[in-house]
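There are 2 protein chains.
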Amino acid sequence: MEVAILGLGTIGIGIYELIDKSEYLKDIKVKKVLDKDKSKESILKPGQLTDNFEEIVNDDEIKIIFEVMGAKEFSYMCIKRSLENKKHVITANKEVIALYLDELTKIAKTNKVSLMYEASVGGGIFLITPLLECVKINEVKNIVGILNGTTNYILTKMSRENLDFSEALKLAQQKGFAEANPTADLEGLDIVRKITILSMIAYKGILDVEKVYHFGISNIEYCDIIFLKELGYDIKLIGSSFNNNNSIDIAVEPVAVDNYNILSGVNEEFNGIFIEASVNDKLMYYGKGAGRYPTANALINDMIMIMENKGNNYFTNVNKLTIKEDLDKRSEYYIRFNNGNQIITDEITRQEFLSQLDNIKFYARII
Amino acid sequence: MEVAILGLGTIGIGIYELIDKSEYLKDIKVKKVLDKDKSKESILKPGQLTDNFEEIVNDDEIKIIFEVMGAKEFSYMCIKRSLENKKHVITANKEVIALYLDELTKIAKTNKVSLMYEASVGGGIFLITPLLECVKINEVKNIVGILNGTTNYILTKMSRENLDFSEALKLAQQKGFAEANPTADLEGLDIVRKITILSMIAYKGILDVEKVYHFGISNIEYCDIIFLKELGYDIKLIGSSFNNNNSIDIAVEPVAVDNYNILSGVNEEFNGIFIEASVNDKLMYYGKGAGRYPTANALINDMIMIMENKGNNYFTNVNKLTIKEDLDKRSEYYIRFNNGNQIITDEITRQEFLSQLDNIKFYARII
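So the sequence lines, in the order shown, correspond to chains A and B. When the count follows my numbering, it moves up by one through the first sequence with no breaks and lands on 367 for the last residue. When the count follows my numbering, it moves up by one through the second sequence with no breaks and lands on 367 for the last residue.
Pulled out of the complex, with its shape left as it was, chain A reads as follows:
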């Protein structure tokens, strides 16, 4: 079978190498690779590199297209046109999937091809497929996840190696976990996309990714870490969603977890996703949320499912969901105010907490 790879960055190279090296994939041939950078020809075989998407999307021999460019509008257009031309699409693009999951699913179904996006959430963790299976006989109650390796790495380093925020960020960048411009990660936007994708699958409807509450860790300081550590808590940046009759309480924010919480064991660049479902009870998935090979592994696994005719698990949009924060939800909070004061509140409602947000520099909800 012939395939094409759109984008020869970190993940694209991982896919290319795995197809090249794996005995199990010996019948797969990479026919074309889309990339504007001509110097990448040296990695490839003659004739594989092109900078013209039309060459790929109009090639009848190409049956499967990997989209790993990480663009927004261009990626969306490529995915859409590939599906319309009856090619299976496998993507890691969380931004596009969070925005267009419903539309792209419909196009895939109409054209009787697969749309696979295991790698869009949790990198190498086999998560989307089990969740699509799970919802067939379960009602999912809630999802709570550490979904971003960069911020989790920074928080782990601050806590364990007593680094301040800028040192930990620098280390993350040196290790290749944080991008040169890490804003989307630090502000929680990356997690917003991921928790939105998981929640749409879990609760079987559409959510507006742009309406999800988020508060990141850009303002965290070492004094926050140490204050909570002395009380037995670790800070984690968490995406969560709770389903209450199709009203979805979804948020991304720092939380304080104690040692007894399984999420406290999710450290360094790892991800951990906790799901509670009606029949299956509590589940957690843990693994590398990013990185060349774990992520490429997820994309290749999607391809194997397509090859074995198992790629027909589509997102179902049967519920009308609304995003609604539970303003009566009571929690204790750790708060550092703009004036530097640090406190632990009594149990207060979400409403009471939000009313103070303008005065707050950093906080963590205690769970």
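No lab work stands behind these hints: they were computed from the structure. Treat each hint with caution, since some may be false.
Copies of one chain are not kept apart here, so a pair can be met inside one copy or by any two copies together.
[As the list claims (entries may be wrong)] When the alpha-carbon atoms are kept at most 35 Å apart in a straight line, the in silico DSBU-like pairs for lysine-lysine are as follows:
1. K40 / K329
2. K106 / K229
3. K45 / K136
4. K29 / K229
5. K21 / K320
Chain A is fixed; fit chain B onto it per the hints.
Showing chain B alone in chain A's frame:
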């Protein structure tokens, strides 16, 4: 599609109820239920209960058979004859799968039917299917798991609620986590079967379940818990296997883990299975390892995969494996000797440790 359930115990009732209640399974009909206990007729519809397996295995309308009797020879015979009569088989029977996985897989393949056993390890945790997928392009390096809910519950209660062993065991029995005769759980035999099944799938060969080293927690006392707790360790009963060129170092024994280890967060009756693979790196699966609905969920999920033609992931036996403990492996050990002395050793080899085993009442390998 018509199905039969062999055994109407805790799990069998769970399967029966899920099929009855789930909209997704409305086309599935339970035609027959095998159970010797006539009083169970009251739970079922007229004509469903039978005590005669021949009625089921010779019924051409029955396409799928759930085996949840938990017997040994009789279960094995029923599974084998069902496969030979071209019926798909779904079982939770870890004893039979550990002993006969290779033979039963061959019979299933010959007869072009599925043999599914997701529920045999880790209860409701979706684990076997991902592992069978994983090995297509990964070499699995090692597996480390908390695979028994009963013992993990006892250890958690001893540690967190300062109970002694007999109190914790009684509590586990009251909660329904421990059987009246809990020996197989306490001695680690249940875990031996599970780690053997996972290891055979992961390393693609056969292992002799009867040759697996195991040391359980029958002799544990509160003094062991508290001694290690003061040093920052929790005791867990763990099954592990490491692959070194098809020589498999497999064992079930108590280990001491610190707070930083993800397995320290696996508490109460939960299971956690950690897998390290060549491409996918580190993964962990966490969830309810037992219980009516989580386990029935796994069995029903197997059925859905068969219904959707995804039940063709067979165990592959391509490697000649041998069980061989790594006698040079160095670890620290917590040891309580027969005379009551408690020590932490320096790093010693496995050989040095094993030479003292006759004098040891309880121990935990420190990892």
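Each hint, compared with the structure:
Neither within a single protomer nor between protomers do K40 and K329 lie at most 35 Å apart by alpha-carbon distance, with minima of 53 Å and 45 Å respectively. In this assembly of identical chains, K106 and K229 lie within 35 Å of each other by CA distance neither inside one copy nor across copies; the values are 48 Å within and 55 Å between. Proximity of K45 and K136 under a CA criterion of 35 Å is satisfied inter-copy only: 25 Å between copies versus 43 Å inside one chain copy. Taking the closest pair of Cα atoms, K29 and K229 never come within 35 Å of each other, the shortest separation being 52 Å inside a single copy and 55 Å across copies.
With identical chains, the CA atoms of K21 and K320 are at most 35 Å apart between copies only, with a shortest distance of 23 Å across copies and 45 Å within one.
Figure legend: structure checked against the earlier numbered hints; hints not met, in rising order: 1, 2 and 4.
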